[in-house]
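A.B. asks: Sequence:
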Amino acid sequence: MILFKRKLLLFIFALYFFNSYSQKPLRVGYINMDYILSNIDDYKIANEEYDLKLNLWRKEIESRKNIIESEKNELEFKKPLIPDEIYKNLKDEIEFDEKQLNEYIQKRFGPEGDWLVQEKILIQPIQDEVLAIVQKIAEKNKFDFIFDKSSAIIMLYSEKKYDISELVLKSIL
Numbered sequence: 001m002i003l004f005k006r007k008l009l010l011f012i013f014a015l016y017f018f019n020s021y022s023q024k025p026l027r028v029g030y031i032n033m034d035y036i037l038s039n040i041d042d043y044k045i046a047n048e049e050y051d052l053k054l055n056l057w058r059k060e061i062e063s064r065k066n067i068i069e070s071e072k073n074e075l076e077f078k079k080p081l082i083p084d085e086i087y088k089n090l091k092d093e094i095e096f097d098e099k100q101l102n103e104y105i106q107k108r109f110g111p112e113g114d115w116l117v118q119e120k121i122l123i124q125p126i127q128d129e130v131l132a133i134v135q136k137i138a139e140k141n142k143f144d145f146i147f148d149k150s151s152a153i154i155m156l157y158s159e160k161k162y163d164i165s166e167l168v169l170k171s172i173l
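The opening residue of the sequence shown carries number 1 in my numbering; numbering runs sequentially from there.
Certain hints may be false.
[Claimed, not checked] Below, a list of computed lysine-lysine pairs in the DSSO-like style, where the Cα atoms sit at most 27 Å apart:
| # | residue 1 | residue 2 |
| --- | --- | --- |
| 1 | K44 | K170 |
| 2 | K72 | K59 |
| 3 | K59 | K120 |
| 4 | K44 | K65 |
| 5 | K99 | K59 |
| 6 | K44 | K59 |
| 7 | K99 | K88 |
| 8 | K99 | K79 |
| 9 | K44 | K99 |
| 10 | K120 | K78 |
| 11 | K65 | K53 |
| 12 | K161 | K149 |
| 13 | K120 | K107 |
| 14 | K107 | K65 |
| 15 | K78 | K99 |
| 16 | K149 | K44 |
| 17 | K170 | K140 |
| 18 | K161 | K136 |
| 19 | K72 | K91 |
| 20 | K91 | K79 |
| 21 | K44 | K142 |
| 22 | K53 | K107 |
| 23 | K78 | K91 |
| 24 | K59 | K91 |
| 25 | K65 | K88 |
In short, the hints are calculated from the structure, not lab data.
Kindly produce the complete structure, drawing on both the sequences and the hints.
C.D. replies: Rendered as structure tokens:
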């Protein structure tokens, strides 16, 4: 927290320093990306399709987990009734199924999984379009900085007049 405060103070000092020695005033604006995206129909549709795919994969994984768990329970129940070799073979099959399921989970939800590919295909183009429009507006209106109010960057205070979210939305729609 102390490091953040130091960085924030340094940033404020730098803004003040550069502003005081420049000819033009510093122009700062911000957007609320969540607000903008929630008002774009294409984004809503893409997000719904993305959620459908993720939920389908989750249900499939949960179903396979339940089947494996019931097979384990059934095998443990039958253990006293079957020969050791058959028990070992059935247990190896269940372990193989578990391994395949874990590989499937990694394929779908791992660090480079299908969820990321789907996000890039469905959602990223819309976000890129919004960012391109923000850049055009910033260049046209000569903004020095544009912040995203909905992101991890902390905005402690800003006048409503610096919010250009509506301008971005009008440019998209």
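A.B. asks: Please name the hints from earlier in the document that this structure breaks, with their numbers sorted from lowest to highest.
C.D. replies: Hints 4, 9, 10, 21 not satisfied by this model.
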